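S.K.: With the hints as your guide, set chain B onto chain W.
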Amino acid sequence: MSSTTAQSGLARARRGLAPGGPGGGSLDHPGNVNRKSKLSSQTRRTFFWLLLPSIVLLILINGYPLIYAGVQATHDGSLIDTGNFVGVDNFATVLSSPAFWKAAQFTLWFTIVGVFGSWLVGLGLALLLRTKIPAGGTFKVLLLLPWVVPIVVSSTAWNWLVATPDSLIPSIFRNLGLGTPLFLADPHLAAVMVMVFKVWVSFPFMMMMISAALASVDTTVYEAASMDGASKWQQFTQITLPMIARSTYISWILMTIFCVNDFPTIYLLTGGGPVDATTSLVVLAYRSVFQDFQTGTGVAIAFLMTLTLVLVSVFLYRQIRKSSVE
Amino acid sequence: MNVKSEASHNFSRRGFLGLTAAAAAVPLLAACGGGSSSSSAGGIKFWDMPWGTPAYNDDAKKITEGFSGANSKASYQTIQWNNFYQTFSSAIASKTGPAVSTGGGFQAFQFEQQGQIAHADKVIDALKKNGQFDDFLPGVLEPFKSDKGYVAVPWQLDMRPLWYRKSLFDQAGVGVPTDWPSLLEAGKKLKSIGAVGFATGSGAGNNIGNHLMIMMMINNGGGVFTKDGQLDVMNDRNVEAIEFLLELVSNGVIDPAAVSYTTDNLDAQWKNKKAAFGMYVLGLPQRVGDTSGDLLVASPLAGPHGDKAALVFPNNIMMYKNTPSQEASEAFLVYYLGQLKQLWQQKLMNALPVFKSITELPEFASDPNNVKIVKEYQPIAKTFAAQGSSLNANLAVLDGGQALNQFTQTILTGKTDAKSALTAFQTGLQSVLKK
Chain W
4 MSSTTAQSGL ARARRGLAPG GPGGGSLDHP GNVNRKSKLS SQTRRTFFWL
54 LLPSIVLLIL INGYPLIYAG VQATHDGSLI DTGNFVGVDN FATVLSSPAF
104 WKAAQFTLWF TIVGVFGSWL VGLGLALLLR TKIPAGGTFK VLLLLPWVVP
154 IVVSSTAWNW LVATPDSLIP SIFRNLGLGT PLFLADPHLA AVMVMVFKVW
204 VSFPFMMMMI SAALASVDTT VYEAASMDGA SKWQQFTQIT LPMIARSTYI
254 SWILMTIFCV NDFPTIYLLT GGGPVDATTS LVVLAYRSVF QDFQTGTGVA
304 IAFLMTLTLV LVSVFLYRQI RKSSVE
Chain B
646 MNVKSEASHN FSRRGFLGLT AAAAAVPLLA ACGGGSSSSS AGGIKFWDMP
696 WGTPAYNDDA KKITEGFSGA NSKASYQTIQ WNNFYQTFSS AIASKTGPAV
746 STGGGFQAFQ FEQQGQIAHA DKVIDALKKN GQFDDFLPGV LEPFKSDKGY
796 VAVPWQLDMR PLWYRKSLFD QAGVGVPTDW PSLLEAGKKL KSIGAVGFAT
846 GSGAGNNIGN HLMIMMMINN GGGVFTKDGQ LDVMNDRNVE AIEFLLELVS
896 NGVIDPAAVS YTTDNLDAQW KNKKAAFGMY VLGLPQRVGD TSGDLLVASP
946 LAGPHGDKAA LVFPNNIMMY KNTPSQEASE AFLVYYLGQL KQLWQQKLMN
996 ALPVFKSITE LPEFASDPNN VKIVKEYQPI AKTFAAQGSS LNANLAVLDG
1046 GQALNQFTQT ILTGKTDAKS ALTAFQTGLQ SVLKK
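Residue numbers (the numbering used here), protein chains in the order written: chain W, 4 to 329; chain B, 646 to 1080.
Treat the hints as calculated values from the structure; they're not laboratory data.
Nothing here was measured: the structure is a model prediction, and the numbers come from that model.
Be aware that one or more of the hints could be misleading.
Claimed, not checked - Residues from chain W that face chain B, not an exhaustive set, calculated with beta carbons under 7 Å: (1) ASP84; (2) PRO277; (3) VAL278; (4) ASP295.
Stated by the list, open to error - Derived BS3-like pairs (lysine-lysine); straight-line CA-CA distance at most 27 Å: (5) W:LYS105 to B:LYS1064; (6) B:LYS836 to B:LYS811; (7) B:LYS834 to B:LYS811; (8) B:LYS1060 to W:LYS105; (9) B:LYS916 to B:LYS1017; (10) B:LYS773 to B:LYS966.
As the list claims (entries may be wrong) - Across the chosen pairs, the derived CB separations fall in these ranges: (11) W:PRO153 to B:GLN990: 32 to 40 Å; (12) B:SER735 to W:GLY73: 16 to 24 Å; (13) B:THR741 to W:ILE62: 21 to 29 Å; (14) W:TRP112 to B:MET879: 29 to 37 Å; (15) W:ARG177 to B:GLY928: 44 to 52 Å; (16) W:ILE64 to B:GLY794: 38 to 46 Å; (17) B:GLY711 to W:SER316: 55 to 63 Å; (18) B:SER827 to W:TYR71: 54 to 62 Å.
Every residue gets a Cβ at the ideal spot worked out from N, C-alpha and C, and that includes glycine.
Chain B extracted, bound-state conformation:
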């Protein structure tokens, strides 16, 4: 081997190793670098959930991209509901998250607890100046006020109204329930014609059963928390509500298989004229493809003590501290709230608006179900925080957690008594709620 070939040999080997190391370092450096701010080409990153049809996200994207304020632009990203908390958490942890986003109902409070949320007080001030503040429906803004400021700004209300199928009530020859005793009696008669008197479900991925449990508690003047936010599962009103639900189960008014029903199963029951009455989401007729007028919103039930209450999830838009410009985030949020009207004008939303002016739009008010929900449900609606009013991070654990789901399934199987089930529920919650 001559000198030249030896040098060439060494060079090629070292050169190759060097190149390999450099190539290996590229993804490492890329992975380590992350994003230092929520900028997309220097603009505001807005993350949004699939709140309605795909057309909703297309329109929301157009609205977002129409923003040009505070020397900034905005980009739009749809985030799927599957594992959404993980998506947000990992993005925020790696500083690649959004500057502004919609999301889970209690997400803002979870991230506030972890020091990631930029409070929206300046946005509220701007809304006061432009007149939108006075346009909010009564009571929708207060739940978002913490001792540090506004954690987020509501933009739509995810109400849980009671629905009924008129033809089944006509067939059974019974009136639409107005209180608990009439619900039980109607349920028995509906059962005799093969219909379900109180449709619900708590199968894989279905939260409707969980929401029903809480709704019945607050409908009876109870709730999971006291007015000052302390856990209060075992109160008499809750016991009474759960005893009534167990009575519905034992009488077959609630479907014995409801414990395993997914939302698809529940949709099928409503679509196939099996479900006669039950708590469900807004836009049920459109959801199951029956806009014949047979599916109608019932008035809220009166509890045995005369209480009336409905369950609502005020969905909100939050701002994060990781932003290229807080001023731009605030300007974007004010701008976006000002554009919401068109989403309801184009009938892209399956939720109640938070602004009075939108509830008065002909496109919204032409649906009698919408009008009834705004008129009868919104004024008495309470959140998961009931009997308290302020939202907090613990509600996310209550809403999606194992304790409530196990409690619901225990009730729907009917193999328990109210006090035992509520005691287990309270114990389960105590072990996971942050003090």
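Looking at chain W on its own, in the form it has when it is part of the complex:
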């Protein structure tokens, strides 16, 4: 095979075509080009009309609330009455509010700890479960429980574990001579507790994502690396992490969205308190709309959150594409 033929063969292989091409190369025949474009045009038109009802529905279902939210964010009304147009006043009010920046700061920490904490725990457990341990399947199911159990149930359970000085965990601390920490009453401890709770709820999702990615890694690669003298750490950093990078970025995007939008984890455990120590942006938006009845400012907060999430998602999506190319 000449060099030209080999290159052509590789190119065809990358396109997924057999040496002769589909139909014995009929698509490459000049006489078929017009028919192809004519067919495409007809097909496209048919597809368009077939898709139109769904597109209209999607625009109405997604577009209407978005437009209405935009209207609310620029008005001073309530849930029933739109009120008067106030331009960007609501956004200015939100951005000049210390409560907003405090909530933004907590949301940032909550998201960082939630994403990377759950990823680290999930990664560790996925690697552990990859090794042959007895009753591995049972462990997998048990480890999924925090993700499967309704958040109302798990938050109630956590409340009972830590809420009062007589709860189990503070009692253990007391018996160990470490004082009686008020896990939900102290602002700093409450913030830590909410983040730990989030990691606990989320690690099974990460574990499953990483387990799926690890399953596709060929074990002979590790054998080859081992024969070449690579240490376990080198195998982990040079083979495992790059091979699961795509899944990792996807799971980070998803978990970032889950964390920023997470309402029940925080609200059920602490209600955003004490003294706003665990108030995230989504909790602040909820309170503004449904407790203070300030619909405009609440929706403005939601808009700012959405904008931030889109930017973060675009950044992480670019990382995925980069990792795919590499």
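M.R.: For chain B alone, kept in the frame of chain W given last:
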């Protein structure tokens, strides 16, 4: 391809597209249509909250469905407390809401502000004619009168009495507090036996701590508003009340973890004989499953200036403008108020009735706690509007809003002084209250 097959081909494609468009239009039209009135098969839609046990809603449903007046019938719907304001708002906005409803204590005033409430003056006239008007306990009707008319009609009183566990006071060898100094002294002695001298909480979803703050202010002759409804957070009586609460916190009379206590945590404290004294809801013994007689209502405390006051939320029934017949709505409300007695006869309510005749029922009066609340608390009870008396929409923002909750939590953590906390509270309220 022959002519027939071409026609058939076109027909089937266009026909399919047409059918698809028609199918897509059905939900759209349904969504756009909404309901044009609060009719259910031409009757009155009554929305009610879970005020007591599930048996309460069953019985309220029976009462509702027993209505047949003004050529109309009525249907019953239970609305859960979670996001109830959103439920009502979206239903009212889409004109699928109720014609008559119970709801949040200040909900009627919020919807009146938005032009959705039908005033109840004709209902009051009808109650005057049938004699029920004179049966109202003193002072329960006035808060609902605005300059446009009666915004709603009260049907039960959600009082916040003080409760105590007798056995814990006996164990501590101290008397039940009658004023603020004795509350502090008793609290210290109760703490020495591991009990909580003034139980409260302001964790997720728990408003008891918020209510305690306001109760202590009005118990001292203060309050958040002036008599003419102006914001007046920084008055001396409020400062004095909050200083006293901070003293209770610093002495450990209020549980240091109370800031995070949910109602479940608080219930557990009362049930597990940890809480000795505190403000809580009616029916505490039944709520925590201890009807041994150890949990009793204490007399209202006297403030340092001799003031006595209690906190009450007069719950009400409101009518909406979106109704198939205003006459039927009014007839239904008069009918429903006339049937309330059976709810207390069957012991389905954890609230005080608004009618004297119901307080005299043997089923109600057989509970000494009930009798004490009616006798000692109801006459001195004030609403969130204190020192004013008329309710208004701003009280909903005060009751459930962030300003009061943050203020309460700041006090319960004890890391503040009264004036700073009250100043922040006033600033927070000013930013959200409608002028």
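S.K.: Evaluate each hint against the coordinates.
M.R.: Against the structure, the hints:
{"no.": "1", "hint": "ASP84", "in the structure": "holds (5 Å)"}
{"no.": "2", "hint": "PRO277", "in the structure": "holds (4 Å)"}
{"no.": "3", "hint": "VAL278", "in the structure": "holds (5 Å)"}
{"no.": "4", "hint": "ASP295", "in the structure": "holds (5 Å)"}
{"no.": "5", "hint": "W:LYS105 to B:LYS1064", "in the structure": "holds (23 Å)"}
{"no.": "6", "hint": "B:LYS836 to B:LYS811", "in the structure": "holds (15 Å)"}
{"no.": "7", "hint": "B:LYS834 to B:LYS811", "in the structure": "holds (14 Å)"}
{"no.": "8", "hint": "B:LYS1060 to W:LYS105", "in the structure": "holds (19 Å)"}
{"no.": "9", "hint": "B:LYS916 to B:LYS1017", "in the structure": "holds (22 Å)"}
{"no.": "10", "hint": "B:LYS773 to B:LYS966", "in the structure": "holds (23 Å)"}
{"no.": "11", "hint": "W:PRO153 to B:GLN990: 32 to 40 Å", "in the structure": "holds (38 Å)"}
{"no.": "12", "hint": "B:SER735 to W:GLY73: 16 to 24 Å", "in the structure": "holds (18 Å)"}
{"no.": "13", "hint": "B:THR741 to W:ILE62: 21 to 29 Å", "in the structure": "holds (24 Å)"}
{"no.": "14", "hint": "W:TRP112 to B:MET879: 29 to 37 Å", "in the structure": "holds (35 Å)"}
{"no.": "15", "hint": "W:ARG177 to B:GLY928: 44 to 52 Å", "in the structure": "violated (34 Å)"}
{"no.": "16", "hint": "W:ILE64 to B:GLY794: 38 to 46 Å", "in the structure": "holds (41 Å)"}
{"no.": "17", "hint": "B:GLY711 to W:SER316: 55 to 63 Å", "in the structure": "holds (57 Å)"}
{"no.": "18", "hint": "B:SER827 to W:TYR71: 54 to 62 Å", "in the structure": "holds (57 Å)"}
Figure legend: structure checked against the earlier numbered hints; the only hint not met is number 15.
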